[in-house]
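Student: Okay, here's what each chain looks like letter by letter:
There are 4 protein chains.
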Amino acid sequence: MAPWTLEQVAPHNSSQSCWVIIRNNVYDVTEFLQEHPGGAQIILKYAGRDATRAYEPIHPPDALDKHLHKSKHLGPIDSDAAYAIARESENRQKTKDELRVEAAQKQRPPLSRLLSLADMEAVARRVLSHKALSYYSSASDDQITYFENARAFSRFFFHPRIMRPVSKCDPSTTILGYKSSIPVFISGAALAKLGHPDGEVNLTKGAGTTGIIQMVSSNASLSYEEIMAATNPQQPLFFQLYKHSDDAIAEQRVREVERLGYKSIWLTVDAIVPGNREKDIKSPWILEDIERGTTVYEGSLEAVGGDGNVFGTAGALIANDDRDMTWEKTIPWLRSVTKLPIVIKGIQCIEDAVLAAEAGVDGILISNHGGRQLDFSLPPMEVLYKIRQQRPDLFDSLEVYIDGGVGRGTDVIKALCLGARAVGIGRPFLYAQSAYGAPGVVRIVEILQREIVTAMRLLGVKSVKDLGPEMVERVDWLPRSHVKL
Amino acid sequence: MAPWTLEQVAPHNSSQSCWVIIRNNVYDVTEFLQEHPGGAQIILKYAGRDATRAYEPIHPPDALDKHLHKSKHLGPIDSDAAYAIARESENRQKTKDELRVEAAQKQRPPLSRLLSLADMEAVARRVLSHKALSYYSSASDDQITYFENARAFSRFFFHPRIMRPVSKCDPSTTILGYKSSIPVFISGAALAKLGHPDGEVNLTKGAGTTGIIQMVSSNASLSYEEIMAATNPQQPLFFQLYKHSDDAIAEQRVREVERLGYKSIWLTVDAIVPGNREKDIKSPWILEDIERGTTVYEGSLEAVGGDGNVFGTAGALIANDDRDMTWEKTIPWLRSVTKLPIVIKGIQCIEDAVLAAEAGVDGILISNHGGRQLDFSLPPMEVLYKIRQQRPDLFDSLEVYIDGGVGRGTDVIKALCLGARAVGIGRPFLYAQSAYGAPGVVRIVEILQREIVTAMRLLGVKSVKDLGPEMVERVDWLPRSHVKL
Amino acid sequence: MAPWTLEQVAPHNSSQSCWVIIRNNVYDVTEFLQEHPGGAQIILKYAGRDATRAYEPIHPPDALDKHLHKSKHLGPIDSDAAYAIARESENRQKTKDELRVEAAQKQRPPLSRLLSLADMEAVARRVLSHKALSYYSSASDDQITYFENARAFSRFFFHPRIMRPVSKCDPSTTILGYKSSIPVFISGAALAKLGHPDGEVNLTKGAGTTGIIQMVSSNASLSYEEIMAATNPQQPLFFQLYKHSDDAIAEQRVREVERLGYKSIWLTVDAIVPGNREKDIKSPWILEDIERGTTVYEGSLEAVGGDGNVFGTAGALIANDDRDMTWEKTIPWLRSVTKLPIVIKGIQCIEDAVLAAEAGVDGILISNHGGRQLDFSLPPMEVLYKIRQQRPDLFDSLEVYIDGGVGRGTDVIKALCLGARAVGIGRPFLYAQSAYGAPGVVRIVEILQREIVTAMRLLGVKSVKDLGPEMVERVDWLPRSHVKL
Amino acid sequence: MAPWTLEQVAPHNSSQSCWVIIRNNVYDVTEFLQEHPGGAQIILKYAGRDATRAYEPIHPPDALDKHLHKSKHLGPIDSDAAYAIARESENRQKTKDELRVEAAQKQRPPLSRLLSLADMEAVARRVLSHKALSYYSSASDDQITYFENARAFSRFFFHPRIMRPVSKCDPSTTILGYKSSIPVFISGAALAKLGHPDGEVNLTKGAGTTGIIQMVSSNASLSYEEIMAATNPQQPLFFQLYKHSDDAIAEQRVREVERLGYKSIWLTVDAIVPGNREKDIKSPWILEDIERGTTVYEGSLEAVGGDGNVFGTAGALIANDDRDMTWEKTIPWLRSVTKLPIVIKGIQCIEDAVLAAEAGVDGILISNHGGRQLDFSLPPMEVLYKIRQQRPDLFDSLEVYIDGGVGRGTDVIKALCLGARAVGIGRPFLYAQSAYGAPGVVRIVEILQREIVTAMRLLGVKSVKDLGPEMVERVDWLPRSHVKL
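Chains as they are written, first to last, in my numbering: chain A, 124 to 608; chain B, 124 to 608; chain C, 124 to 608; chain D, 124 to 608.
It is possible that some hints are incorrect.
Put simply, identical chains are the same to the list, so a pair is met inside one copy or across any two.
Here are the computed lysine-lysine pairs in the DSS-like style, where the Cα-Cα straight-line distance is at most 25 Å [said to hold, decoys possible]:
| no. | residue 1 | residue 2 |
| --- | --- | --- |
| 1 | K452 | K585 |
| 2 | K291 | K217 |
| 3 | K405 | K585 |
| 4 | K405 | K229 |
| 5 | K452 | K217 |
| 6 | K585 | K302 |
| 7 | K452 | K291 |
| 8 | K168 | K193 |
| 9 | K585 | K291 |
| 10 | K588 | K452 |
| 11 | K254 | K219 |
Quick caveat, the hints were computed from the structure, so don't treat them as lab data.
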């Protein structure tokens, strides 16, 4: 079949017949429109023409192969068409937001001058596109839980011990048996390509260089295979599973990552429906206003994402996920399809921590999804503290991790004192890879390692095993938080 | 009798003989001056001339029929007079405040872009007249209770449960046996016409469309009949009773609404005298200053409203209400004049909740009148929490509702977890109808429904019956409130 | 002896021979220099010339008669001298601060538009001279206690009762047996003439008009006789005693006021040395900087007031007071010189309240001198609360009052609920008399009366006797205070 | 040997051969490069040329004699070279920061107008060089502990007692048996020359004049001998020991100060590794940016100080300190080399206070190094409060001091009420000597003495022995702190 001309593609610009061009190939997505997790509308915007620039940053390269039947892959466009698209892309006038980002990129300070995770976030907030920043930084409703996650750490103070030998000090630990140079892992987070063209691979390389472990999201913007291909020998990867509502499709995903060599499955249970991330939802409208100075969007709330419960970038990603998981059904099913260790990601109260232990999983990640799901979910540090006080036996049954709001090495140490084995960090790594690629990721680990070792030494311990609950105290006053009121 | 000329009306411009023209009819209000709840002074300002523009937004259409003897209805003006008044109205120079409102109206965002009740309030604050905003938004003294009502919710955090099937989720409930699509009703609030020419009917239509229930205030700016006329078949209305100090007049009012088909009586007990709403009282002075740039008002405090206890818009509305109600006398009286269910609106402590249960009423609305009455009255959410802890048996004796400070679906869910059957919302509906009419009201319900369903699913429940006190915790630290310090 | 010429007075301009002219009379103060409570330096600034303008606002008219031996009253100046002084005074260029005050005076709003004590303070802060505002508003150190006095009230919330007859509501009470129209008295405060030429008499007239009681300070800027002369028949006055270190002089003062008809003695015990009121101390320097744009003062800390413990306006006033009072010695002494009721002003903890009861005094005023003495003294409302909880029997032994930080009628009611018989108010009355004279004082009482009656009615009580501790609750969260953080 | 010419020195400008000129003498530091606590890089910047200006403010005069072998002292430069260096120094263009400081120096207010420690800090912040301010004011991480140290005092309120004789009031005490005019000492702090050319001697003279005691840091910028030489007869000095990791070198230091007449050894145990003082670390980069308007530094984190744990000014000072001290080894060793009283500086929890008492030391200084070491270490005032509540017996075993965050006389009194014998103050004295030399130090003591005496009198005590825990109360609400949120 001869390559397609633009003129041939152009008429297929409606829901009756909808073709799009992606990376110089033509696809018939007419039937797929209704299945698209992000809704038909966003595809129809590009019907009959090139959609590459919108498609690329939020889809892994194997998405078309996985989700669109071969018969709908209509083949390449001809060279004139490719040339025209390239020229158009070249000549396209940059948006105000793109120009702002370009200018900010040039003014990035050298990595060596960033001394803290806050320094890194400050740079990232300047160099990220409006869309990416909105997606990465947004949290649900009034962002109370997002801010409380961080503020919770500031209620815990130390009882430092003196006169203990600490010249030698080792911050390493193991997670599910795998060595980690510091008690920190990269928590699963979607769509790294939104912030940097190399996407999740920046995280993989940074983790490999520094000896920490990356948890890869089901919603990564690269294929699981590409990410695995970027590892060092012996570098473990974990997999964050968003379970599809269709068990067969879900099983296929688990078997794929097990085959690729992923070392554990982190079943995500706190994001069965999307949280209300207003900043993310409003982002396209605000961008429009920025670019044109006028307001044109006229869609209804329903139009944003389909059924009133799915909207925003996040909504699209999890539209097909299983909203009816149960302890009785889902854990046995998962055990039946994989021998990998299983961790439940998204425990938010003691009762469910107990149920997880009873279900025999290997670990739990106390998490409220970084404040992106239910606003007023308790901060993980508070839940951890409750478990330490009321059910300390749980720490013997499984490994306990927390994520959300960690901003300093002292935060990590506080969690470890209360019994956490390791701490997950998400946004800071996304910010780092967006602003500096893999070296940014390495820098985050360097900063944390220095802060962790300093805190350990000043606490009088030389190994993470020596950290204990007697070393922290939850104070009964309101400290001047490092997160401003 | 021949229609009146302006020249005939003009001389009746004093307290000796005071005539006014309203909607092209002449009324002799000389004797009525002393009975007018808003005081004589405000009428005398229009003595001998047309008063329609001042009269309309704060009086229901049947007010003259109800309160002024037929013999004082002097008949219509002639066509020259009507023409002159219309021309004068037409040529009247708009005030600065009116011009500001007109400009703001044109810049309203499309409803679809409002994602929260806060978004709606932000629009309303721009498009409302100074007078209306002052009346709607004002609260008493330093507005501590007004702000604390909202902040109280932010001290309650969730214990979300995972691994529970929630794909099907139903937020509906019943109130006094009447179905409500979400556990929210429109709390009684006066003077909707101040914000929008269609007034309370906007609320009625919005409630009808979305399947929730409206409580109509005794002080509505439309007649109870007009409001009832705007309902769908089967759409219930509740009635908020301000009891007149004269039992006979009060009985007449109750019998009227029962006859019209209202379904329950909500006896208001927390507003026997007006609260000190300084913003409302100061509004005319500030408006004057805005318009003229000078200060002309020279009245004394007493002049504002008569006896030192009645002033401001609110004062006028309740000037004749009963300040000597008692449990022994008032409830039996009310039972004797109606068979409708009775709810006490304005319970503010456990002791009175108990007395209400003992008095055998059908429900209580824990409320401090939106912070408009006694400043430093406890937030309803705190009173509800106390009842849950000290007298949980009360929830079996009667239905319990709260209002005041509700701003998010999570607030609604928190109240339901503690035992509330439903939650009343007032100001947000007034803001919505003012800014967008009935569609604004619909939008508020859409937003709340989405937030409520999302919160229920993320809590792991699929029916309001499954919400319980074990799902919320009152934290012992000060959270970053969604209402700023 | 012939009247003095300016030329004759001028050479007496040093500590060797120091004469000053006051109200056209010459005084030899050479020997008095060392006794002057405000220090010699301030007098020497005017040596050999007219001192009237500096002398007047801070000394009562009988000060020269009382404190300077007759032989040092050298007689009048001649008419040329009087003319020259008057001309100089006339031609004197007004200072920037005086011009600012004059402009502000013209822009005062009409009294009827002031609705709260905060409104009054806002006006006063504009129309007061820098010196007067510094003296009135200053508090010690970092003003923590000053602000906490007010914030303490905001931790107490009400349990309002409904369905109680309140159409009749009486806010009056008695203090030491004397009728007061509201449970509020004017707490003693010095130097009213600094703010208004009529000084303390404004307070007397305002109290007389409204039926409340004034406590007159030992350090009033008018004579005790002048103030008594301004009362209505039957209007009682109380006397605030600063006890002189010389018992004989102190006795003379007590006997004078008893003779004049004052009704009780309020012994001040919390101001034996001056607090560190930096704003007051810095005031002259700042004024200098304002006027000249340069800094000229070069004195040392000691020079400010003598011995390192006495400085600022306050220091001068109490320089000779008794720093060695004891329960054993001072109360019996006072009982021996007067039959008037005795109240201890300045109780700051339970232990001393108990000792006062044991000493048999008639009342105690829980007070930390408006935050002007020891910073971090507990707020009176907290001390009152402690007594209510730990020693409720004390309320049967003597009358208990509090002052400090009262800004609303609800504050008054809260104190009464906990057992206070009445509440003292100081600064607001000073501000009111400064800005509007006696009518300002009346306005303050009108405002408080309205707020008190409204609060009583909304609480469900019709007499102050019905207020009780069950009607207030000390909350365990941090409310949005009406005093900003 | 003939004096050196600049031409002869210049070629030695690399790590192969590195000579520097200091105060007109040439030193061969090639071998010393690797031993330099501040790293080789900073020396190499001046290799082959004059380094005096960088060297002087941070090294005591005897540093070269102590740390560089005599054979490396190569002798003087010739007069042409000295002349050239002097001319270059003269002609050197002043930096923007130097010009700013010069201007600020001219605008200092007279000392007599500074009424509080906060006033002094405000002046110092203007007149200090960027480098000095960064070093003095910086604290670790987010400076939570730095701010909490001060805020902790604001949670303690007084129970003032009245009717007690206080005309005579003596604030003096003894510390380790040595008389102190007020219960305050100068806590050890390094590098006074950074702020003022006379350095630590300003503190010595100020302490001598006012009768308080100075603790001299191991890292003083003058020699221990020079400082001792500035004392009055009978003026005691204490010595703050940073123990070298080499016991022999450490012993030498202890024996030196004992020989010089220092009266006690304060072993510093909370600074075995440097805290993360970002402001200090970033200071040179920020200065560069200020001076050039461009960013040139390209070093990595490691380059800042060597091994990732040593960096900033602080890092260099303690690079060789003992990180393996223990109770078992270190205290007996110290007892074996000196008969002087021993105090442990840096106790941060009850457990270590107990161990110190068991180890038989003479005193403990509860301190977290002014918030410069482990962020979230508890404020000393809180630790003191815990000891008072849980182990009051310790106050009988040894003398207890605290430092960190003291800003007012009331802070001192609060600590004494809880059992502290005296309170150390660091930064305020550094600020005072920087801004005004020795008279600034005197002023600080004058201010504190006045505040302490005033507080004692208003509390009803006339001797520090009469202060007790019943006079303070830790409140359960959040006061308006004198340190802003």
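Student: Checking each numbered hint in turn, tell me which of them this model violates, lowest number first.
Tutor: Going through the list in order, the structure violates hints 2, 3, 5 and respects the others.
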